[in-house]
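Protein chains in written order, with the numbering used here: chain A, 34 to 272; chain B, 34 to 272; chain C, 34 to 272; chain D, 34 to 272; chain E, 34 to 272; chain F, 34 to 272.
Take the hints with a grain of salt, since some may be wrong.
What the hints assert, rightly or not - Derived DSBU-like pairs (lysine-lysine); straight-line CA-CA distance at most 30 Å:
no.	chain 1	residue 1	chain 2	residue 2
1	B	Lys225	C	Lys259
2	F	Lys225	A	Lys259
3	F	Lys259	A	Lys225
4	D	Lys259	E	Lys225
5	B	Lys259	C	Lys225
6	E	Lys259	D	Lys225
It is worth saying that the hints were derived from the structure and are not from the lab. Given the structure is predicted, the values throughout are model-derived calculations rather than measurements.
6 protein chains.
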Amino acid sequence: MRIVVTNCNTTQEMTAEIVRGARSAAGQGTTVTGLTPAWGPESAEGWLDSYLSAAAVLDTLRTHDGPPYDAVVMAGFGEHGREGVRELVDVPVVDITEAAAHLACLLGRRYGVVTTLERSRGQIEDSLELAGVGRNCAAVVGTGLGVLDLGDTGRTQAAFLAAAERARDAGAEVLVLGCAGMTGLQRAVGEKLGLPVVDGVAAAVKLAEALVTMGLRTSRAGSLAKPVPKRRTWGAGRD
Amino acid sequence: MRIVVTNCNTTQEMTAEIVRGARSAAGQGTTVTGLTPAWGPESAEGWLDSYLSAAAVLDTLRTHDGPPYDAVVMAGFGEHGREGVRELVDVPVVDITEAAAHLACLLGRRYGVVTTLERSRGQIEDSLELAGVGRNCAAVVGTGLGVLDLGDTGRTQAAFLAAAERARDAGAEVLVLGCAGMTGLQRAVGEKLGLPVVDGVAAAVKLAEALVTMGLRTSRAGSLAKPVPKRRTWGAGRD
Amino acid sequence: MRIVVTNCNTTQEMTAEIVRGARSAAGQGTTVTGLTPAWGPESAEGWLDSYLSAAAVLDTLRTHDGPPYDAVVMAGFGEHGREGVRELVDVPVVDITEAAAHLACLLGRRYGVVTTLERSRGQIEDSLELAGVGRNCAAVVGTGLGVLDLGDTGRTQAAFLAAAERARDAGAEVLVLGCAGMTGLQRAVGEKLGLPVVDGVAAAVKLAEALVTMGLRTSRAGSLAKPVPKRRTWGAGRD
Amino acid sequence: MRIVVTNCNTTQEMTAEIVRGARSAAGQGTTVTGLTPAWGPESAEGWLDSYLSAAAVLDTLRTHDGPPYDAVVMAGFGEHGREGVRELVDVPVVDITEAAAHLACLLGRRYGVVTTLERSRGQIEDSLELAGVGRNCAAVVGTGLGVLDLGDTGRTQAAFLAAAERARDAGAEVLVLGCAGMTGLQRAVGEKLGLPVVDGVAAAVKLAEALVTMGLRTSRAGSLAKPVPKRRTWGAGRD
Amino acid sequence: MRIVVTNCNTTQEMTAEIVRGARSAAGQGTTVTGLTPAWGPESAEGWLDSYLSAAAVLDTLRTHDGPPYDAVVMAGFGEHGREGVRELVDVPVVDITEAAAHLACLLGRRYGVVTTLERSRGQIEDSLELAGVGRNCAAVVGTGLGVLDLGDTGRTQAAFLAAAERARDAGAEVLVLGCAGMTGLQRAVGEKLGLPVVDGVAAAVKLAEALVTMGLRTSRAGSLAKPVPKRRTWGAGRD
Amino acid sequence: MRIVVTNCNTTQEMTAEIVRGARSAAGQGTTVTGLTPAWGPESAEGWLDSYLSAAAVLDTLRTHDGPPYDAVVMAGFGEHGREGVRELVDVPVVDITEAAAHLACLLGRRYGVVTTLERSRGQIEDSLELAGVGRNCAAVVGTGLGVLDLGDTGRTQAAFLAAAERARDAGAEVLVLGCAGMTGLQRAVGEKLGLPVVDGVAAAVKLAEALVTMGLRTSRAGSLAKPVPKRRTWGAGRD
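Bound-form chain A, shown alone:
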């Protein structure tokens, strides 16, 4: 099967990084294609970025003319757009935020999320709540690092460990990597922490594969019906 993984920002290096993570999780016979939005923010940090990203990802998928695909993975942690993509495409759609939480619920009684900036906490909490998996989230904790700072591995690990301890003190028995750019970190820090660490990109790939294998698609009977045909313009193209 073919899974399209959409980055939520325009930074191609991050798309590449995400695709690497997705591929290492994908099963045999699964092809992963990355999609970088042609417009939007270079990183998504805050609500303005998130709404801009949501529209850009929708436009990118809408106008994508690659080979057909079987599922979409949306790789923006805590970002908006998933219900819109579910309306748009006819294949299953899995967002990494919800995916990580779904798997984390299977591994412990409460989970915690470690993310980048503190300001993202609200968006992530809202995203988990609306996805229906907020109940067992013990805490969302920021590391203070920006998305584009995650390249510095040593600093990232140290900040992650400090934040993880706060999540554990709040009752988390399982951790979730709260940023697509953290993919890879779970191996490094899992052992030190003695807690399972769930990476949303890998989780979403596995859940997407599961839905495709089971022949399941988004329900059209209710709030996620196909978009009504109408006139829409997708951006003025100004910076």
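Once you've looked at the hints, dock chains B, C, D, E and F against the given chain A.
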């Protein structure tokens, strides 16, 4: 004071209608300016439209070069974007969804929302929940009418009354008009129903005036800090 | 329009203080009249006081024979009685507890309340919950000061700032003054804190003006119907 | 031990009825004394009545100069005042609303309340919620009968059975008599319904006996501390 | 009346201890019989133990051929099985977890539970939530002591006091002894703490007596109907 | 990898049926082994059965001496035991109840469960709530059929469709088969309903495969630590 009212879609007639409603609610000394997004959907019905609308409204405000204004009223019922606009502008921002609910809470123990299509129910419920006023919402009920069908007054009134009865049976003591395009209907149907009917556009104008008069602005200390400076592109301009 | 502001206790100095605050928030053309209950507690601190206050305020409004008024503002933070007053009078009723919370929700994702004694916390939490705005309340924090201690401005400010920091640490992005006697404090401490501070008296005046202007009244179709005519005695008049 | 049962209204026949119910539930060695407020409403139906009743009950207990007692049972279903009485007296206080719900939770997964007027529903729901036992309440259903109509046994039974079926359809496995004046009805209707029916007066007497026997008293460490000494006036004595 | 108290583990000394506690709480005319499961864990600490205990207690009651009894008290704090026992026997069933919480709700606005191992916290929280009394639980705090360590009174008291302070800081105004083996501790520590302390065994005995006296039994109309007759085998008898 | 699927009852035909369902969902390279408890109920319908089943499944896994396995799937819809199995085994454990709900959340805004007897509703609701996925469950609806009646395909389909419509009316956009014995039904009824139908057995197999592939295991840092070594007896072996 000057209030900018943003329509959530590109239909200028609807902007005009909304501005009329806003002006009739505005106090002496309040100037209301309507803003129609240069891009986006011609009506917002569903999540794809809503995310597209959110980005378009943000871009429209971002690039707006009219006279300074004191508050923004966002006139899309149940639509996304309010937190993004709060990050973007330095003046108070009031969304008609939350505004109507805030006032409705003051008039009865439970309120209900009557909206257009059933598919919008989920978005409205989510919007009220995240705004912090979902608890006393007894029901969100659809009339089955599309946004652009609301011109037919007789049909709209009949559908509204039928839906309103369902909301009342679910415990609503107060009704909220669940679409900016319904502005004006409260007068016509209020008497027949024997229930107070709150129009979100008027409610938002009054709340915006209140915040401005009291000198209150969006908190920057937390999730609604100013957007981080970075590279962003606002749309590819394709239909 | 004419707004009657009811103090929740028998201390006339506090009524005067509250009326000053209400007048400075009121719009042009709004007349504010203060009403001090002829009986009740000299300050309301705890549930016994609150229930006594509720009955006294009801009796005071019931027997008030001043000029007609257009709205009632109830100036007891966290005190009981608002639903009873809504049953009694035919004009909109706004309680300062809920009013402050409604506006605070528009200014940040979570708000906190700073009040007088720790023992009032429970009443305030209950009041916010039942008003339908408890969800986004991050914390209610006491300063340790009694209502009648608030005259000492320096001590009050210091205690307020300390309590406010605890609320911010709990996630509050906006603060609410949790006592009618704190009116005026928002100007002094707002700058130091870097957070918006909402005064309930001013908030309630603006919300009352909004409801009156919009022609909205309490719903009679449900739990807030007019009191059934019957024999009632209002107190034995013993100290 | 001696239990004082406070009626919430001034109707002495109802006090007598309640005392009969309380005595038939009381254990050997328990003396039950009824207390009719010297002022207040002749029946409590709605919030105004409820707040008036709360103050009257507090005043009645405050000025009561009978023999010492070991517990107070407050016999007003859904009425206010229990936290105030807990502050006032040094003995355990049990309200019939919460008492019935506590026992009902032990008899089935969800319970329902059948009350008098529909307008009382809100007060009862709020009372259960704040008492901490609202979660397992499936429904509060009104019979349409006023408190003082309950004398007509045949009509009351028929209305109760009809309301009880609505509660059962909503998931109630256990029923609660939602009015002190319904005491006695549980025997008559229990068999017909095939559901356990809990009478709040009897439940409160048993819970009060339990607390007294166990030597438990209201916590003073927090929101229910003794009232602060201060000047209070209890009513102007006007009708 | 005769009350059967079931220990949740196979340690007869603990049954004896529990029976002592139950008897000291029981009213005149109440006979208390202890029942030690013939199989199961020697102490219940964690979910595996709890499920094993639930089946063992059910089997023990199912095959018990002593004199008839009027109620069952289940003396395993936070352990599973209560709904199963309610299906099985025709008399009222009260679990000490819920019993303690029900009474605690009558004594303060929030209560806290002090238990043995931290790992039991989750089970206790779940048990309270499903019993319908989780709302007013401020915290469940572990002492770090195992069930079978509770014999060391001095150490137990010290650990209890330390844990109790954490519960109080979290808002608890009342404490619950979170282990049947703690019975007796309430007298010793109640004074030092200045908080009421509720013992679940005593609470359950009083609630069982109340239900029996009131003639109330478990509802059969819904989820707690009698078990369907069918083939069942109760264990393979292996260690 | 090797997945052990545990039936919750002693009916080997049902184990065979479940294994068939599991195998048809399993990926290449996944071996599925069924495990029928040596003791317990012949079908699990109600709480007594469920607790008996939980202990029997734990004992069966505890004493199982087959080849090593990589994950456990627990095939009892709404049955107890999952946390106990998580403590017991060192590999991931997925219960079909939670598994179906996790995937259903990805396919629509609200899901509904169609189960066998109405009496199972409570157990299923509790199971979903504690698994952290109860929020988006719109309804659990019974068909009135017993577990062992499911062999009659025509009757089962008709009853399922009728129940499914009730779930849809309650807001469900996705359906979950609420009994392991319903596996296979999703193909037959999915088309007629126009809604996605999720089978818990298949869902759990895919989630187990995902966790194993990702190298994730149950957290030992908290409530799901390994059982403490102690003396335990597993049943008296009486019928």
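Practice task
For the pair supplied as a hint, Lys259 (chain E) and Lys225 (chain D), confirm whether the alpha-carbon distance does not exceed 30 Å.
Solution key: This hinted pair holds, its Cα atoms lying about 19 Å apart.
Exercise for the section: Would you mind confirming whether the straight-line C-alpha gap from Lys259 (chain F) to Lys225 (chain A) stays at or under 30 Å? Expected result: 20 Å, holds
Handout entry: Pairwise hint evaluation, Lys225 (chain C) against Lys259 (chain B), where the allowed Cα distance is 30 Å at most
Key = 19 Å, holds
Handout entry: 30 Å Cα cutoff - pair Lys225 (chain B), Lys259 (chain C)
Key = 19 Å, holds
Handout entry: Pair hint Lys259 (chain D) and Lys225 (chain E), alpha-carbon separation not exceeding 30 Å
Key = Holds: Lys259 (chain D) and Lys225 (chain E) sit about 19 Å apart, inside 30 Å.
Exercise for the section: Could you grab the alpha-carbon distance between Lys225 (chain F) and Lys259 (chain A) and see if it respects the 30 Å cut-off? Expected result: 19 Å, holds
Against the hints set out earlier in the document, no violation occurs for any number.
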